[in-house]
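Trainee: Chains as they are written, first to last, in our numbering: chain A, 1 to 286; chain B, 1 to 286; chain C, 1 to 286; chain D, 1 to 286; chain E, 1 to 286; chain F, 1 to 286.
Honestly, I wouldn't trust all of these hints.
Identical chains share a label here; the pair holds if one copy fits it or two copies do between them.
Said to hold, decoys possible - Think about it this way: if two alpha-carbon atoms lie no more than 35 Å apart in a straight line, the pair counts; the simulated DSBU-like pairs of lysine-lysine are:
hint : residue 1 : residue 2
1    : Lys-16    : Lys-66
2    : Lys-41    : Lys-246
3    : Lys-24    : Lys-264
4    : Lys-249   : Lys-24
5    : Lys-26    : Lys-204
6    : Lys-238   : Lys-142
7    : Lys-26    : Lys-238
8    : Lys-256   : Lys-160
9    : Lys-66    : Lys-128
10   : Lys-142   : Lys-246
11   : Lys-256   : Lys-25
12   : Lys-66    : Lys-264
13   : Lys-66    : Lys-41
14   : Lys-246   : Lys-128
15   : Lys-66    : Lys-256
16   : Lys-250   : Lys-25
17   : Lys-142   : Lys-16
18   : Lys-25    : Lys-128
19   : Lys-26    : Lys-246
20   : Lys-264   : Lys-128
21   : Lys-26    : Lys-128
22   : Lys-16    : Lys-250
23   : Lys-264   : Lys-16
24   : Lys-238   : Lys-128
25   : Lys-268   : Lys-204
26   : Lys-238   : Lys-204
27   : Lys-160   : Lys-268
Since the hints were derived computationally from the structure, they do not count as laboratory data.
Here the structure is a predicted model, which is why all the values come from computation and not from measurement.
Number of protein chains: 6
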Amino acid sequence: MPNLGLFTYLHLAANKNLTCALLKKKIVAIAYETVEDSSGKLPLLTPMSEIAGRSSVIIGSFYLSKQSGGTGIFLGGVPGVAPGHVLILGGGVVGTNAAKMAAGLGAEVTVMDINVDRLRYLDDILPKNVTTVYSNTYNIQKALSSTDLLIGAVLIPGAKVPQLVTRGMLSSMREGSVVMDVAVDQGGCIQTARPTTHAHPTYKVEGILHYCVPNIPALYPRTSTVALTNVTFPYALKIAELGYRKSLKKDSGLTKGLNLMEGKITCKQVAEAHEMDWTSIEEIIE
Amino acid sequence: MPNLGLFTYLHLAANKNLTCALLKKKIVAIAYETVEDSSGKLPLLTPMSEIAGRSSVIIGSFYLSKQSGGTGIFLGGVPGVAPGHVLILGGGVVGTNAAKMAAGLGAEVTVMDINVDRLRYLDDILPKNVTTVYSNTYNIQKALSSTDLLIGAVLIPGAKVPQLVTRGMLSSMREGSVVMDVAVDQGGCIQTARPTTHAHPTYKVEGILHYCVPNIPALYPRTSTVALTNVTFPYALKIAELGYRKSLKKDSGLTKGLNLMEGKITCKQVAEAHEMDWTSIEEIIE
Amino acid sequence: MPNLGLFTYLHLAANKNLTCALLKKKIVAIAYETVEDSSGKLPLLTPMSEIAGRSSVIIGSFYLSKQSGGTGIFLGGVPGVAPGHVLILGGGVVGTNAAKMAAGLGAEVTVMDINVDRLRYLDDILPKNVTTVYSNTYNIQKALSSTDLLIGAVLIPGAKVPQLVTRGMLSSMREGSVVMDVAVDQGGCIQTARPTTHAHPTYKVEGILHYCVPNIPALYPRTSTVALTNVTFPYALKIAELGYRKSLKKDSGLTKGLNLMEGKITCKQVAEAHEMDWTSIEEIIE
Amino acid sequence: MPNLGLFTYLHLAANKNLTCALLKKKIVAIAYETVEDSSGKLPLLTPMSEIAGRSSVIIGSFYLSKQSGGTGIFLGGVPGVAPGHVLILGGGVVGTNAAKMAAGLGAEVTVMDINVDRLRYLDDILPKNVTTVYSNTYNIQKALSSTDLLIGAVLIPGAKVPQLVTRGMLSSMREGSVVMDVAVDQGGCIQTARPTTHAHPTYKVEGILHYCVPNIPALYPRTSTVALTNVTFPYALKIAELGYRKSLKKDSGLTKGLNLMEGKITCKQVAEAHEMDWTSIEEIIE
Amino acid sequence: MPNLGLFTYLHLAANKNLTCALLKKKIVAIAYETVEDSSGKLPLLTPMSEIAGRSSVIIGSFYLSKQSGGTGIFLGGVPGVAPGHVLILGGGVVGTNAAKMAAGLGAEVTVMDINVDRLRYLDDILPKNVTTVYSNTYNIQKALSSTDLLIGAVLIPGAKVPQLVTRGMLSSMREGSVVMDVAVDQGGCIQTARPTTHAHPTYKVEGILHYCVPNIPALYPRTSTVALTNVTFPYALKIAELGYRKSLKKDSGLTKGLNLMEGKITCKQVAEAHEMDWTSIEEIIE
Amino acid sequence: MPNLGLFTYLHLAANKNLTCALLKKKIVAIAYETVEDSSGKLPLLTPMSEIAGRSSVIIGSFYLSKQSGGTGIFLGGVPGVAPGHVLILGGGVVGTNAAKMAAGLGAEVTVMDINVDRLRYLDDILPKNVTTVYSNTYNIQKALSSTDLLIGAVLIPGAKVPQLVTRGMLSSMREGSVVMDVAVDQGGCIQTARPTTHAHPTYKVEGILHYCVPNIPALYPRTSTVALTNVTFPYALKIAELGYRKSLKKDSGLTKGLNLMEGKITCKQVAEAHEMDWTSIEEIIE
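All chains, please: the whole structure from these sequences, using the hints.
Mentor: In structure tokens, the structure reads:
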């Protein structure tokens with residue numbers, strides 16, 4: 001089946017067996033996670049980030065309950081009782097969407113980022129209970145002592161995320177506070193975060209409850225499937241209409257998604273990960 | 001200990017053993033749940049209703065996840081995917097607080113009530129994604145077919161709540177939708193609701209996930225304790241300063257809270273529930 | 001009068017007589033509708049789109065009245081009665097401005113577009129009673145059954161708009177619902193739309209009331225004239241100060257507006273529409 | 001048919017023939033317009049006032065169009081062009097609902113009333129483009145010169161409304177501005193207002209366009225019928241269950257609605273209007 | 001001049017000379033500050049409280065500047081820099097109006113009160129950057145350590161305000177923070193507050209800048225005069241039309257304002273303050 | 001000290017002595033005010049503009065008080081009294097931030113700019129009491145007659161700001177109104193503006209109070225220092241890590257900031273201002 005195509009999330013760099021099997025069958029493998037749009041962003045990752053960001057606040061609120069091992073603080077407060085504090089590291093897609101939900105619940109929300117222009121835009125559009133603060137160790141440390149829910153929302157495509165919160169810094173948080181690292185599978189920005197599963201989603205370090213399931217959107221498949229299809233379908237349609245070869249020639253962003261073709265690896269990261277040969281895309285699709 | 005006093009939630013009508021034990025020890029028993037303020041409302045129940053109403057949306061959102069047996073719809077939606085629908089039966093304290101949270105998440109929220117003046121006030125103060133609709137069987141039935149989260153928030157102090165949603169009406173809901181009856185322990189307004197526990201909070205009827213833990217505020221004790229103390233403390237202070245006898249004389253609303261005194265039952269419901277004698281409060285405190 | 005200039009809306013492709021008359025008199029004809037700004041947008045069309053989009057909601061609300069042949073639904077609802085639904089196809093200038101007004105009235109508004117990044121921006125800035133949904137036939141069809149006012153707001157400069165709503169799809173709408181196609185004169189996105197006049201603005205197809213006057217801004221000339229002058233005046237000033245030749249040389253976007261000069265057609269569409277000769281702008285203004 | 005009952009809007013004081021016919025047939029006539037709730041308000045008029053108030057802004061916006069004889073100002077403005085001004089006389093049900101819609105469109109809205117406590121509440125709940133101003137001739141006169149749409153929303157049940165705007169005061173308004181007097185049939189607060197019909201809704205005085213149809217809610221029957229039924233149905237149900245006699249005895253507010261019974265007039269205004277005998281309600285229903 | 005009347009702010013209890021002079025001339029003295037409305041509130045004080053509350057935030061913001069001796073914190077912050085904290089003691093007229101302004105500037109605002117029902121209303125209507133907290137020494141002390149601007153807004157008509165903030169409690173505030181006690185002339189709720197003048201408005205205690213001018217509305221006479229006249233004029237009109245005797249008989253709230261008449265003191269507080277005889281109003285106006 | 005570096009605001013073109021001294025010592029002088037980001041904006045000026053814009057409203061409100069020589073109008077109004085008008089010339093960073101604060105206080109705010117696209121964005125994100133109007137002499141003149149606070153917020157980096165408000169135009173303003181020109185030191189857009197000092201901040205022209213201190217952010221150093229450091233620190237860090245030579249080579253925007261190096265002037269404006277030799281940056285850093 002030399003012309004069989006796969007257009008989906010592949011993550012081949014992390015799976016040599018899969019890579020070899022696909023190569024052997026000469027599958028045309030285009031990976032969602034490396035497709036780019038005209039401005040260099042990753043359009044097939046964005047919807048997942050949106051859902052992960054929004055869901056994280058629901059999940060964090062839920063695990064703050066006493067029954068789940070949390071502090072028992074309700075983020076929204078009630079009249080006469082102050083709301084909880086949510087600290088969001090990163091003002092990108094994940095962080096912005098998390099901030100919208102946390103603000104909607106009435107929490108006191110702080111979004112930190114080093115991109116001040118991004119903070120300016122967030123100041124324009126987010127509700128008034130969201131404060132934007134420049135991200136640095138001093139500000140994070142100061143904020144942590146009153147943080148009930150910490151959301152790590154830093155994602156640098158193709159780059160290692162800096163470790164913004166060390167184990168030591170957690171000690172200023174109240175016992176039973178909740179920490180989530182939405183990008184845990186890509187390194188994460190919180191030292192104590194390590195991937196967990198939907199079956200066993202949480203663990204405690206220094207008394208702090210950690211929720212670090214990498215695939216949060218799987219919780220809400222009805223919403224995330226539609227969101228994903230909204231952005232993948234136009235590519236699928238194009239491939240169906242033009243064939244993959246013509247599509248790849250016409251859309252240089254889609255080409256960035258090509259990982260395997262004609263039994264060769266066309267994606268550098270995959271080739272390097274498995275110490276195999278790399279063939280340039282141009283060479284293959286002329 | 002004839003002058004020992006108890007000032008807390010008592011629910012004596014539901015517990016004869018406790019009632020008898022307290023009578024024997026001539027405890028002065030003032031029950032939070034029957035204290036009234038000057039306008040006849042129950043001020044020591046309101047904070048619990050606020051927290052239950054607000055928390056219910058977090059809990060409902062959480063149980064809508066696929067992993068919990070829900071439909072997998074995220075209430076807030078994301079750009080390009082419509083949000084979920086929340087139907088709230090009752091626009092009182094529970095319902096209003098639930099509506100605030102659901103609206104904050106970006107859901108499409110409908111609040112139903114038969115008190116149109118209350119709906120007018122809600123129209124004045126709630127965000128624009130909350131719609132107020134007159135409550136009747138026709139409107140409820142019509143709304144249910146697109147409802148993802150149904151919150152029963154009807155509470156009529158001292159009266160049986162009418163059954164607004166029958167088992168048959170649930171059949172128009174999508175499988176995996178979530179039903180919560182916040183007032184389940186006082187009858188509830190949803191036929192299929194029966195009290196559950198924090199240990200086993202949910203069950204399914206007709207494919208619909210039911211969460212019916214009566215004591216929702218126990219999930220967030222740090223918030224609910226402060227909220228409760230805000231309203232009970234002034235009474236406690238008054239009792240400490242004046243003694244209970246003088247306090248009861250001065251504050252007719254507090255008097256409504258007196259259930260037992262000098263070995264006698266002064267609360268009609270308790271006396272009737274256990275078929276015991278009733279003594280008027282006036283008689284006892286002169 | 002070889003140097004007489006015309007700087008206004010011209011639409012010469014649609015009018016051969018006018019074209020020939022202007023050529024004969026060697027008029028310098030610069031058409032508002034083809035002037036571009038530095039990012040390739042049409043700045044002299046935008047204000048008209050803004051007014052058309054905003055007005056469309058007033059007009060649609062008005063024609064929903066029973067006296068006009070509409071369903072008799074008031075879009076904003078009242079406390080206890082659910083508001084009406086507005087479906088807007090297209091999230092560009094027309095659609096965004098229509099959404100602002102419809103949301104302001106309290107309607108439940110859905111904006112559909114295939115540009116998810118645009119929907120993200122709308123999600124950031126529009127009120128909470130606006131939902132953004134990816135535009136496809138399935139979603140449109142599903143939405144139509146509860147739509148009271150449908151606004152076609154799709155405009156692709158220089159391209160034929162796809163027909164998003166067929167005659168058959170209208171059948172799911174309630175009789176007396178209102179359909180408006182703001183871009184009806186440029187093809188329109190609703191099959192049953194055909195241009196009408198301010199004198200006879202509406203007609204019915206399949207029981208659905210159609211309002212399809214192409215020139216909506218003419219209803220509100222005091223607002224639209226000022227809006228238009230705001231953007232045309234700086235060009236007029238430049239032409240007055242530098243003369244048209246120098247202005248055209250300096251501002252490549254204004255040059256895009258040049259249709260006729262020295263008795264020659266410099267705009268390809270006009271030349272092709274009338275099967276006449278075309279001269280490149282560069283050739284004429286050196 | 002001595003026990004036949006009529007429960008609807010009756011306005012018998014204005015129709016002697018109808019009154020006599022009903023008396024002759026010994027109809028039990030309960031008029032919506034005189035039923036009171038426990039706080040002395042007229043609950044069966046409120047929904048009509050809500051719809052009239054909200055609709056008035058749509059109607060006024062529509063008639064401001066050049067084609068309708070208006071100034072051609074679009075109330076909401078567009079970026080770069082200031083919005084129009086709406087002056088609302090009266091901050092009761094009609095005025096508040098009109099203000100919500102006008103503010104939603106983006107107009108600059110002024111609500112005037114002599115009840116400062118009411119203005120305080122409006123300041124709490126209305127959007128920021130609504131200004132509250134104490135109502136007096138000086139303030140009205142000053143505001144009129146920049147008013148594009150004037151809405152008379154003063155209604156004093158059972159009392160003659162003061163004439164707040166004289167013919168002379170209109171002269172400061174721009175020609176083609178629109179005047180609506182929502183309570184025109186109960187006197188109205190604008191001197192030049194006189195009732196018109198849906199067939200011929202407008203006329204001009206001093207160049208100002210007047211729209212004075214008394215029965216605005218008839219434009220949107222689908223919304224107004226549901227709104228009205230929401231409040232009348234509980235009374236109808238009570239009458240059906242208890243019979244009218246018992247219902248009248250139990251509900252002193254409903255009793256206020258009784259106009260005729262057993263061939264006698266029980267409503268003073270009706271009796272006085274037709275110079276006929278009056279019998280006290282108490283006498284008849286014992 | 002036995003019938004000469006004075007209708008204004010009088011504060012006779014604080015001025016024996018004035019009292020005696022007016023008595024001697026048999027002035028009819030009606031004091032704004034003791035007139036009551038039908039619900040027992042003081043309607044002629046409310047507008048002054050509104051202006052004082054709103055202005056206090058402007059004044060406090062101004063004095064936070066370094067040049068005025070403040071900390072140099074700008075309350076609203078900017079993107080990337082957290083806003084300042086405003087603590088408002090009292091959620092009545094002064095406090096609510098102060099909260100609106102402080103929230104409008106983007107500060108993090110906390111309103112404390114012991115009336116939880118009032119806090120519930122504030123939670124309904126104030127922006128999301130206002131938090132309501134039950135007022136007690138523990139909560140005040142905790143909040144003070146991060147408070148940049150403290151506004152004392154407690155006013156109990158006719159009663160001594162409790163001292164909520166002691167000198168010692170100020171020590172946790174940052175040097176240069178600002179304290180304002182809006183009700184300083186009626187006791188004030190901050191121990192270190194003492195009345196100052198517009199000429200010398202501020203002083204420092206413990207490094208904290210105090211602004212305690214009693215008559216804040218005098219800063220903005222154009223606004224405060226109109227606001228005051230809005231509420232006093234109807235009384236003035238009534239007195240002019242009916243004469244003071246009839247007016248006092250008809251309006252029992254106005255009667256509460258009568259301090260002196262026919263050479264006798266009719267206001268108990270005034271009589272007691274000067275140890276003079278008191279005559280009941282009823283006795284004098286029959 | 002040939003390698004000593006200065007990285008701060010320098011304004012060398014205005015100070016020949018300083019320039020010569022630094023040249024003599026062969027200081028590497030990088031000026032904040034000429035550093036550019038990748039899009040050609042001046043990132044190290046923006047935070048100062050934000051604070052100046054926000055503070056200007058506080059200062060203007062304060063000086064409107066009678067005690068400061070103002071009209072005595074409180075910008076926010078109170079219920080029953082209309083708010084004041086704020087006119088902001090320029091919708092850039094200063095103007096937008098001023099508009100946010102003025103809108104927050106409840107004033108009626110007008111922002112004028114000639115960039116209609118910018119006005120569209122402001123219409124998307126600013127509260128509803130902000131109106132955007134195209135800036136021209138006619139509109140400014142018309143607005144001035146009802147303006148209480150005029151804020152000049154026009155700043156064109158490296159260009160002379162046009163004089164938008166002449167002395168004559170001020171005559172239509174009410175005596176005691178306040179004028180601020182935030183960019184007074186760079187020319188200013190108001191003819192009567194001339195720089196003042198924090199010691200003597202105001203003066204009157206034509207009865208209008210002028211506040212024209214150039215360095216407004218100095219009022220709030222705690223906020224402005226943090227805001228500035230947020231954006232300068234990453235540059236400082238880069239210079240510290242790489243050395244200035246490498247940093248300048250790598251970051252072409254930082255290079256724009258280089259004014260002096262190795263005893264030579266590398267900034268044209270500085271060279272021209274002092275009629276000294278200019279050396280191209282490329283030549284020096286190769």
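Trainee: Now, for every hint given, state plainly whether the structure supports it.
Mentor: Verification of the supplied hints:
no., hint, verdict
1, Lys-16 with Lys-66, "between (43 Å within a copy, 31 Å between copies)"
2, Lys-41 with Lys-246, "both (22 Å within a copy, 29 Å between copies)"
3, Lys-24 with Lys-264, "within (9 Å within a copy, 63 Å between copies)"
4, Lys-249 with Lys-24, "within (24 Å within a copy, 47 Å between copies)"
5, Lys-26 with Lys-204, "neither (45 Å within a copy, 47 Å between copies)"
6, Lys-238 with Lys-142, "between (51 Å within a copy, 25 Å between copies)"
7, Lys-26 with Lys-238, "within (21 Å within a copy, 47 Å between copies)"
8, Lys-256 with Lys-160, "both (20 Å within a copy, 31 Å between copies)"
9, Lys-66 with Lys-128, "both (29 Å within a copy, 26 Å between copies)"
10, Lys-142 with Lys-246, "between (54 Å within a copy, 34 Å between copies)"
11, Lys-256 with Lys-25, "within (21 Å within a copy, 52 Å between copies)"
12, Lys-66 with Lys-264, "neither (53 Å within a copy, 38 Å between copies)"
13, Lys-66 with Lys-41, "between (40 Å within a copy, 30 Å between copies)"
14, Lys-246 with Lys-128, "neither (49 Å within a copy, 42 Å between copies)"
15, Lys-66 with Lys-256, "between (47 Å within a copy, 33 Å between copies)"
16, Lys-250 with Lys-25, "within (25 Å within a copy, 45 Å between copies)"
17, Lys-142 with Lys-16, "neither (43 Å within a copy, 44 Å between copies)"
18, Lys-25 with Lys-128, "neither (55 Å within a copy, 50 Å between copies)"
19, Lys-26 with Lys-246, "within (18 Å within a copy, 47 Å between copies)"
20, Lys-264 with Lys-128, "neither (53 Å within a copy, 49 Å between copies)"
21, Lys-26 with Lys-128, "neither (54 Å within a copy, 49 Å between copies)"
22, Lys-16 with Lys-250, "within (30 Å within a copy, 38 Å between copies)"
23, Lys-264 with Lys-16, "within (14 Å within a copy, 58 Å between copies)"
24, Lys-238 with Lys-128, "between (43 Å within a copy, 34 Å between copies)"
25, Lys-268 with Lys-204, "neither (38 Å within a copy, 50 Å between copies)"
26, Lys-238 with Lys-204, "neither (47 Å within a copy, 38 Å between copies)"
27, Lys-160 with Lys-268, "within (17 Å within a copy, 41 Å between copies)"
In this structure, the earlier hints numbered 5, 12, 14, 17, 18, 20, 21, 25 and 26 are contradicted, and the remaining ones agree with it.
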